[in-house]
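**Student:** Chains as they are written, first to last, in the working numbering: chain A, 209 to 817; chain B, 580 to 1166.
It is possible that some hints are incorrect.
Simulated crosslink set (EDC-like; lysine to aspartate or glutamate; CA at most 16 Å straight-line) [to be verified]:
hint : chain 1 : residue 1 : chain 2 : residue 2
1    : B       : K820      : A       : E368
2    : A       : K351      : B       : E784
3    : A       : K351      : B       : D679
4    : A       : K455      : B       : E1054
5    : B       : K663      : A       : E471
These aren't lab readings, by the way, just hints derived from the structure by calculation.
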Amino acid sequence: MSEDAWRGVAAEDNEDIDRAVGVKLKARSRALLGSLLRPHLARVSVTLLFVLLENGARLTGPLLVAILIDTGIPAAVHGDFTVVAWCVVGYAACTVASAVLWASFLRLSNIIGQDLLLDLRQRIFQHAQRLSVSFHETYTSGKVISRQTNDVDAIGELLEQGIDDLLISTLSIGSIAVILIVLDPWLALIALTTALPLILVGRWFLRRSNEAYRGVSGRTATVIVHYVETMNGMRAVQAFRREGRNKSIMDGLNSRLRGVARESLNVVAVFTMTVRLIGNLSLAVVLGVGAWRVTGGSLELGVLTAFTLYVRRFYDPLDDMAMFANSYSSAIASLEKISGFLEEEPDVPEPASPRPLPAYEGGGLAVEFVDTEFRYRPDTPIVLPTFSLTIPAGQTVALVGPTGAGKSTIAKLVARFYDPTAGTVTLAGVDVREVADPDLRAAVVMVTQENFLFSGSVADNIALGKPSATRAEIEAAARAVGAHEFVTALPEGYDTDVRKRGGRLSAGQRQVIAFARAFLADPAVLVLDEATSSLDLPTERIVQRALESVLADRTALIIAHRLSTVLIADRVLVVDGGRITEDGSPEELIATDHGHFATLHSAWQESLV
Amino acid sequence: MERTGTVAALRRLAPYLRPVRGRLAGSAVAVLGSMVCGLTIPLVIQHILDGPVAHRQTAVLPWLVLAVGALGAGEAVLFYTRRKLVAGPSTLVEARMRADLYAHLQRLPISFHDRWPSGQLLSRAVSDLSTLRRFIAFAGIFLVVNSLTLVLGLVVLFVLSPVLGLITLVCSAPLIVISTRYESTYSVLARKSQDQVGDLATVVEESVLGVRVLKAFGRGAHLAARFARQARELRGTEIAKARLLSVLWGAILLLPELGIAAQLLFGTIGVVDGTMTVGTLVAGITVASYLRWPTDSIGWLLAETNQAGTASVRYWEVRDAEVTISDPESPRALPADGVGAVRFDGVRFTHPGAEQAVLMGVDLELRPGETVALVGPTGSGKSTLAVLVPRLADVTGGRITVDGVDVRDLRLAELRSVIGMAFEEPVLFSASVRENVALGMADVGDDEIRQALRIAQAEEFVDRLPWGLDTRIGEEGLSLSGGQRQRLALARAVLGRPKVLVLDDPLSALDVHTEAEVERALRSVLSGVTALVVAHRPSTVKLADRVALLDEGRIVAVGTHSELLRHSADYRDLMSTMDDEPAEVAS
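One chain only, chain A, in its complex shape (with noise of 0.2 Å):
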């Protein structure tokens, strides 16, 4: 724990998983992997008889070996060639029948696990689009990506190679000992006995490699952290001379992992030196079992020559298995995390029979609250008391009020971010819960201080407003809101890409693109959530005075600090504890004796002087 101190406590350190949950967990990956198999079962039966088969031409050759050597040469030599001939062409065929039944096999096992890792990878991106904001707010982005990324492609590795290799292995064991019964019972008595202590071995091997696997996976996670942190964080790395400290860290980090990595590469050493010690102390056994039979007369000696080649096959694809064992912890881990994934319900469900909004011909639509009431969970406190509010279309409306007090909660509900936990929210009188995504999205826009930008060009990014956009419109939204300038001034203009989360940008040009994106979309209603203040000064100017024609003709709901923005409204709301405490024009409220936006709007007129 001392060596750890640094990294401080956390909850999830102490995060045990017990049996009950654990069988919870396998039906629940076994559902998932069966959904995911059912389309391809037609196919994936074929694969199995191409394996089959492949297996089968792929042992017939020790045999006609035997057939050769026993019966073949001793005519040979007496002058006929035929069963020499038909060996050497059998061999030849089944090795020819082999090559061609195995490379079909890859070719086809492959195009299954491709299908079914595009068909696992779209269902997971599809699921965490439909998820609601609220579930996204509580599972960190960080889990959402590699659930995406690194279990899917820990399933991949297992489909890639893992499969084929236990498949081929299973198959390989057991038809060689099928036909070592065959060939001589008693023999092949000894040599299966002497293979038993594989079981034994097998299992240790799997349990130390899983434990291994897990170590190794836990120490490199932990030594990535810190250095991408600290990569991130250079420059206080730096100004405040961590590099010392963080030197000592990753030492100890790095030895760590170092001696993880090598107690792993011990267990695999520790097996295959088992597996083989195992083999060849079993080919000599029956080496001299059956050469001792073969001099009494009881074994003929091609029988012993095609056994000695079929007990070292019977040993190699044991080697593979401990590729196996490692891809198969971490992808039935990964398998256990996805449908956990895929099992979490979206809080804002699609409506199973949605309602048209009436045709809209501008002028903005009404939003109206009936007996509306929010709280986040059961068991938290309540957000928003039942209100009731109705917004004409076409009216601009401010919310004011202290940190906490509900404004953006308000907002959320009409962007349907959130559903009321009671009551509804409508718009043009349509339940919001009863309209489709694509209607809803195309009606109501929400523009927040978060300004994420997509890579692409600086046009991609503002044409997400509206796919269709051609580039005058895209350059006259980008116009409106004062961006034109700074972009034409980038060294591709409108094409430049704006690099990693817009890396090119400042936040305040990011922002205003935001805003472009915004005003491009052209929605019957906008949501503005404190979405001017992150802007610079002379920007937030530049679309103040855009904002102010782009509200005429819609209906908006604003959330602002700065009380020039708010005295564009139409009318003011002051929130207060989840409660309207104020409603009226903005002439109507600095009126108002004692209220709080008058007290709010005299302080700053003071500040002005």
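Using the hints provided, position chain B relative to the given structure of chain A.
**Tutor:** Below, chain B without anything else, positioned relative to chain A:
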């Protein structure tokens, strides 16, 4: 990559390999030994079948069987020895190379880190080094040993029977050519698939991080279509890879087996002619089977070697980057009675590789104990000027002095201990609160940390965290609000009571709600030290004694907020909002 390039790149690993070369050589010997055992076993078997069994001589039989057992045990033990011998050195080399890379990266200047995304640096420290480890532990050794085995096996076959030897040679030569050719085609596809996996991961990342934007605009389906298209492309590449691989495997299975069929035919003829014994034929087939892995692995081993070469090049690319900011050769000390006076004298700065200078002669003086706000339009170089003080970057002209001493004449540790910094984005590490505040000051006590937290108005919320100072925060721990993060960053800056503070707008990344709480903290942080505060908003400027306006690479005006509002039109333009334009409000 060029073969010579690969060799040159791998040769650079020498300093790391030298200390472990004994064990590596031992491991190669073990491999060779196990191969000799493996090859000898079929020869002994041949002897048994031809000798005692054919001539019914039971007396020598036990000894020969024992010999097979002993050789088998030897092979197994040597297998173990090889892995055991190589486990230590290969992981040691990997760990050392990673530690050295990490140490080097910590010394490289910020300008390097701004250019290199952390993902690129991470892949060098993790996947490239594990490629090298695999090469050292496996491909490197087996490339040597397998080539030797192949030669040795062929010699054995030729000695047994020139005909059998010739057949095996004819069948293995094309296999080596085919597998080498396929490996190079395959690596192109593998590279393509890696890139596609990367692109897919980017879409995933963006879909999750930008989920609110996607929901707000209802563009989830739009991105899902792009994701589906890219995922299908990846599927196509993977299937193409499998197709190539299936052909290669087909050849690998086919050619040696056809060789065995030919051996059977010619062997039988030999036996009939009396030029060969049955035992020789069996031994020949067994040896030929034994040579299959050394033969078809060569293409793959060469590809691994190539990859290791590329990994080494990528690794050294970073290690060769020059550390441009380091301690002076003959450092000067700060005066003992230093008061924290900072002067910028004609400071110029051009970003590496850029043509246009950002700073073109900045002159500014910070008097001891005074707070100066630095304002200017976006892109005017305010943040650049700030990082020049603790030498996170070096001036390209002019100089910066602290108490009269040029910052470049001071040891970095001394300079950075008299200057505290805070950045726009408060970076937190996945570590305890204590560790996050102390950062480089290893031997600092809880009292001092608490004092710093108190000054930054952060003590109260830290005490409310479930494990107080021990609570893990950052990505892997408890998440804090923007205001809390920024106050911790301020506590960091004031820990150890530096004489000079350089704050790169600690308020700018905050949402409006938390601005007020941090502003309070700032006020207490700034008392009694010399401070340069980069500012965007009037609220931050109001904390300063004087304001300096940076424009077009120079300080164009210095004075108090109200002086500048009166005298500088540029300043008015920069700092006034529509709040200050009553005419607009009235309309």
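**Student:** Taking the hints in turn, state whether each one holds.
**Tutor:** Evaluated hints:
{"no.": "1", "hint": "K820(B) <-> E368(A)", "in the structure": "11 Å, holds"}
{"no.": "2", "hint": "K351(A) <-> E784(B)", "in the structure": "11 Å, holds"}
{"no.": "3", "hint": "K351(A) <-> D679(B)", "in the structure": "31 Å, violated"}
{"no.": "4", "hint": "K455(A) <-> E1054(B)", "in the structure": "20 Å, violated"}
{"no.": "5", "hint": "K663(B) <-> E471(A)", "in the structure": "10 Å, holds"}
In the structure shown, a violation is registered for the earlier hints numbered 3 and 4, in ascending order.
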